[in-house]
Every structure is written in structure tokens, then in C-alpha cells.
Amino acid sequence: MDGSGYIGSLTAVNASVKTFTVFSLMVRVDAAKTAFSGGAGFDNLAEGQKFEISGYFDGRQIVATRLERQDDLDDEFELRGTVADYDGATISLTLQNGVNAGPFSVTPAAGLLIPDTPAGLLVEAKLRQQSGDLILVGLEAEDEEETADGARMSIRGMLSDDSRDGLLINGVPFFINDQTAYEPASLQAGLMAGLQIKAEGYMQGGVLVAQMLVIADGDIRIAARIIEVDQSGGKNGTLTVDAGDARSLVVRTDNSSQFADGSTADLDGDATFDLAELSMVDFVEIRAFQNDAAELVATHIKRQDSEQDIRLEAPLESYTSDVSVTLLGMPFMVGSNTLYELNDVATDALNFFGALNIGDMVRIMGVEPNGTVGKMSLQAVSTGPGAGPVPDTTPDSGPATGLTGINVSFKLDPRLTRTHYLGDRWVSPPLYTRIQEPGRPLTVEVRTQGLAGRTPVAINPEWIAEIPGIISVTPDRGDQVLITVLSVGRTGLNVATQGVSKSLFINVRPHLETMLVEISQ
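Using this note's numbering, read the sequence shown as starting at 23 and increasing by one per residue.
Be aware that one or more of the hints could be misleading.
[As the list claims (entries may be wrong)] For each label pair, taking beta carbons as the anchor points, the in silico distance ranges come out as:
hint, residue 1, residue 2, range
1, Gln210, Asp331, 31 to 37 Å
2, Glu484, Ser114, 41 to 47 Å
3, Ile489, Ala268, 16 to 22 Å
4, Glu484, Pro353, 41 to 47 Å
5, Ala371, Arg462, 49 to 55 Å
6, Ala111, Gly256, 22 to 28 Å
7, Ser114, Asn482, 46 to 52 Å
8, Asp296, Asp155, 28 to 34 Å
Bear in mind the hints are in silico, worked out from the structure with no lab data behind them. Just so you know, even glycine gets a beta-carbon here, dropped at the ideal spot from N, CA and C.
Please model the entire structure based on the sequences and the hints provided.
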């Protein structure tokens with residue numbers, strides 16, 4: 023979030039945290055973590071003061087990373103949101119918490135750097151107070167952040183590739199050097215588009231000089247049956263899902279969550295849904311992160327047709343070898359029938375628990391009636407482009423007899439890899455992003471590899487898009503294809519062969535004057 027406005031409803035949560043509202047958005051300020059400038063300070067915050075605010079949305083509120091004091095008599099404001107309604111004379115915006123702002127009257131002289139039909143476009147609005155009302159004097163799509171040199175900055179978001187300058191965090195270019203610290207240390211060799219990270223440092227010439235890069239806990243994955251839905255409007259509310267053994271997880275959704283419908287319950291054919299369309303028999307796949315209040319906040323939700331085993335992937339909080347692992351505050355017990363995997367290779371309990379480290383992303387698949395985990399998997403972090411899988415020390419049970427899985431990977435743009443890697447690289451992140459270069463088609467090279475038990479095998483899968491007209495796939499059958507983006511929208515992409523399939527979800531949205539594609543798997 024980047025914008026400016028007057029403080030309203032100031033509340034001291036405790037000695038080091040305060041909250042206030044700006045344009046119906048709750049803003050959280052931390053005495054130790056928020057940077058202040060322009061004469062601002064944590065102790066002298068007061069209602070009616072005007073600030074420029076930078077920060078990120080954690081699912082409930084804006085977590086302010088920087089507050090800069092503005093002239094309280096200045097009658098111009100900035101606000102960021104998505105266009106909810108626009109008719110040429112008035113405009114309304116949907117803010118990150120789902121609240122509607124406006125309608126604001128559009129002045130005849132307003133500078134409008136937007137397409138003719140901007141609904142759903144992320145924009146920055148410039149407003150002016152006139153006779154007690156706010157009027158729109160300027161509007162443009164995703165303005166670049168202008169931050170004073172030397173200003174402390176903390177940014178949390180997804181790494182993306184702008185196909186020109188390398189990696190960005192939430193659209194902000196960043197620079198790393200020999201003094202940059204990484205947490206975990208393996209992150210240094212594993213920076214790639216699609217990762218959720220937090221960067222801390224200072225601004226210099228419009229670039230964030232990163233002093234610390236930390237993997238953000240934004241890749242929590244849940245696949246489970248819905249137990250309860252609490253809707254506060256549209257896509258805002260909470261989902262309660264089954265976590266097995268008479269336990270449940272509550273996941274918050276908001277206007278920034280992406281919804282995809284891969285089920286036959288999608289009667290209107292729009293490939294999406296809101297919370298009111300869900301029922302207690304639906305099975306959903308969720309990607310989420312934990313905010314500062316330890317709440318799960320969904321970034322992606324996909325409804326599926328058939329109920330499957332419960333699956334959960336989250337950072338390891340604690341474990342007792344051969345007994346249990348704790349994820350999201352819940353202990354999951356293992357038993358004599360629990361299966362184990364390291365980097366998709368079968369192993370035993372001794373090797374699995376011996377490879378664990380607190381903070382590792384551990385996946386459980388299936389919870390038996392007695393409460394024990396059916397299968398547990400650990401993906402060890404690569405230590406470089408040439409790193410291979412963790413060696414399997416279990417006895418070989420013989421060659422596999424049939425296809426059991428499909429791996430999908432994406433080729434990084436050479437202009438991206440020249441900054442962080444040597445040569446070309448294929449990656450398989452949970453979320454892959456690519457931004458269109460002006461004047462060029464938006465394409466993604468994708469390849470597949472089959473797995474027959476432990477053995478990689480060549481496959482010749484078929485590629486089927488659920489909704490035509492958004493992407494094309496060339497060829498429509500093969501182990502390596504080219505996806506070409508045709509238009510803005512959402513679609514599923516099914517990769518299938520020999521009775522085994524894998525689903526990709528593709529979201530194409532406007533980005534400045536071009537498009538951005540997100541592919542999740």
C-alpha cells in the first residue's frame with residue numbers, strides 16, 4: 023500500500039503498537055519496525071495529522087513500513103485500490119480490505135492514464151478536497167514508488183520478473199551485494215520469480231539496497247473439505263476446513279484473494295466463485311500466509327470436484343523423531359504405516375527425521391482414522407543450480423511399473439538469469455510469474471517429466487485449457503510446450519497422460535500498459 027491521508031480513530035494497542043484508519047483502511051504502526059520521517063514519530067501520532075504511508079496488506083490491515091509526515095493543510099491525497107465502477111463522471115475503488123471508497127466525481131481536467139474499461143485494474147488515484155468533498159484529479163495504473171535516498175524500507179511480497187531489470191519485489195527493483203544477509207542461508211542460491219520474501223534495507227536512486235532477505239511464510243498449502251463458511255460480503259470472510267482427527271483450520275479471505283473454480287459446480291462458467299457459492303461438501307485447495315496475528319490469510323483458493331485426502335504444507339515448528347511433527351500449532355502423529363519422502367524419493371523414518379530442520383516446509387498427505395499421518399514429505403532446499411536430490415539410503419524395491427506423477431517446470435528468461443545465475447535455468451516454484459515486455463508477445467516455455475515411482479521417465483502429455491481464448495499451447499501434446507498469453511482472464515490448464523494428470527491455474531491480469539501472467543501449481 024502506498025498512499026496518503028488523515029489519521030482517524032487512533033488506538034494504542036499496547037506500548038509499542040498503534041492503529042488508525044485512513045479511508046476506511048486500518049493501519050498498524052510498530053514503534054520498532056515502522057520507519058518515520060518528516061518530523062513524524064511513534065509517540066506524537068495524533069488524529070487529524072496527514073501522512074504518506076508505505077506498507078503491505080496482511081489480510082486485515084496495512085502494516086506500515088514507513089510513515090512520512092505531510093502538511094496537514096495540503097488538500098491533495100493519494101489512494102490505491104482496484105476500480106470497482108467507472109462511468110466517466112464518477113469512479114469507485116475497492117480497497118485491499120474489500121471496503122468500497124467513493125464514488126468520487128471526476129473533474130473534466132483530470133489526468134486519466136487508464137484504458138477505457140478499467141474495471142478491476144489496480145490504480146493510484148489522486149484526490150483533492152473541494153467544498154468538503156473529495157474529487158478525482160488524476161488516475162494511473164500502478165505508479166512507480168518514489169522514495170527518498172537513504173530512507174529505511176521493508177517490503178514484503180512476491181519476486182517477479184520485469185524482463186528488463188531482473189527481479190522486483192512488489193514492483194520495486196532491489197540490489198544485493200556482499201553485505202546482504204539471507205535467512206535461511208540457502209536463499210542466496212535460490213532466488214527466483216514466484217518466491218514470497220521480505221526485504222529490508224534502504225532506498226538509493228529508486229532501488230532498494232537489500233541488507234536482509236528473508237523467505238516469507240506465504241507458501242502454506244491446504245487441501246481439505248469445507249466445514250463452515252462465514253461471509254462478510256463477496257469474497258471477504260473466513261473458511262473453516264477439516265484438518266483431520268476432529269481438528270480444523272480457519273482461513274481468512276479478502277478482496278486480494280484469487281478464486282478459481284475447477285469444479286462442475288461452476289454453473290455460470292466464469293471459472294471463479296465467491297463465498298456464498300460454497301457448500302459444506304466442497305473440497306478446496308488453498309495457498310495462504312500467516313499475518314502478524316498468526317491468522318491464515320488466503321492468496322489463492324481453488325474449488326475441486328472430487329474430495330481427496332487432506333493435504334497440508336507448512337513450516338515445521340517442532341518435532342519429536344518417530345513420534346510427531348507440529349505444523350500451524352497442531353501436532354501430527356506418525357505411525358508404523360506412515361510413508362516418508364525426501365525430494366519425492368521414498369525413504370524411512372530415520373532418514374526423514376534426520377534431515378529435518380525447524381522452519382523446513384513439511385507436507386503431510388492424508389490423516390488416518392486413528393489420527394496418524396498417512397504420508398509425509400520434505401522438499402530439501404537446493405544449494406545451487408547443480409544441486410541434486412537428497413540421496414535415498416533405503417533399499418531399492420525394484421523398478422516402478424507405471425506412471426505415478428508429473429513434474430512441471432518453467433524456463434526463466436535469460437535477462438533474469440544473467441543477474442542471479444549462470445546460464446539458463448528451469449524452475450518449478452509453486453507460483454511462477456512473467457511480465458510482458460512492451461511490444462512483444464507474452465510467452466512462457468514449459469516442460470514436463472514423468473515419475474514412475476522413483477524413476478524419471480519421458481512422457482508425451484496432452485495440454486488442455488479449461489477456458490479457450492485466454493492462452494494457447496503449442497504444440498497441444500508434448501513434453502515441452504510454449505504457452506502464449508492471448509487475453510486477460512483466468513483459466514485452468516490440465517496436463518494429462520497415461521491416466522495421470524496435473525492441474526495448473528493461470529491468472530492473466532493487466533500490468534501498467536502490458537499484462538502479467540501468474541501460473542500456480
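Tell me, in ascending order, the numbers of any earlier hints that this structure violates.
3
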